[in-house]
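Novice: The primary structure of each chain is shown beneath.
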Amino acid sequence: MMIFFWIVLFLISLSMLGFIYRLIMGPSIPDRVVALDSLGVALICMIGMISILSESSFFLEIILLIAILAFIGTVAFSKFLEKGEIIQRDNNLS
Amino acid sequence: MIILANILIVTTILIGVIFLLVAAIGLIRLPDVYTRTHAASKSATLSVMFILLGVFFHFWLIEGHVNTLVLLGIAFLFITGPVGGHVIGRSAYLTGVKLWEDSVKDELAPVIAERKKRHEQK
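So the sequences go chain by chain: A and B.
All residue numbers for the first sequence refer to my numbering, where the first residue is 120 and numbers rise by one.
All residue numbers for the second sequence refer to my numbering, where the first residue is 728 and numbers rise by one.
Watch out, some of these pointers could steer you wrong.
Unchecked claim - Per label pair, the in silico range of CB-to-CB distance:
1. Leu826(B) with Ser175(A): 46 to 52 Å
2. Ile122(A) with Leu826(B): 42 to 48 Å
3. Pro758(B) with Ser175(A): 25 to 31 Å
Everything labelled a hint here was simulated from the structure, so no lab data went into it.
Here a beta-carbon is modelled for each residue, glycine too, at the ideal position from N, C-alpha and C.
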């Protein structure tokens, strides 16, 4: 059973290598952002496997943390690409 | 009983990791940003949901305690994965990333052109 989880960990790191290839070779900036988003997803899978392999459930709180951070990073980066600034200035305040 | 639990865990985690490899292959081989967003958002989201379901089953059936944080993580990823893909695809279109040369239809282009024309009239 443990051998199966090690093999799954290896396959996850193999797919992370594919994402890193797109992160380096991507012709445009949104390509790299998509690759970073999926890299966060693969990191979540990896943390699940590691928490099974080390037989402790303390790592499982990291999963939610990385999911939230990856989503916030993607949204902030795409807003920066689209509008040129992340937090817009309010014109009504003097 | 433990064999059934092991079969369940192995099946869910195997489906998840196969979908993750499919996402990686799609991200390498597909031709432009939008098809890559399509591959990454759908397939990676489904794969991480299946793998976290396998982790939840492992901690529930083998170790014997229900971890609600993993279920919350599954729900959060199910909501935010496609939203992230949509947002980055939209920003890619608005910053003018070209489509693939063989793509047939571009339904957003007249909408953007009309909006730009109306913006210039003001």
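Novice: Going through the earlier hints one by one, which of them does the structure break, listed in rising order?
Specialist: The structure conflicts with hint 3 only, although it agrees with all the remaining ones.
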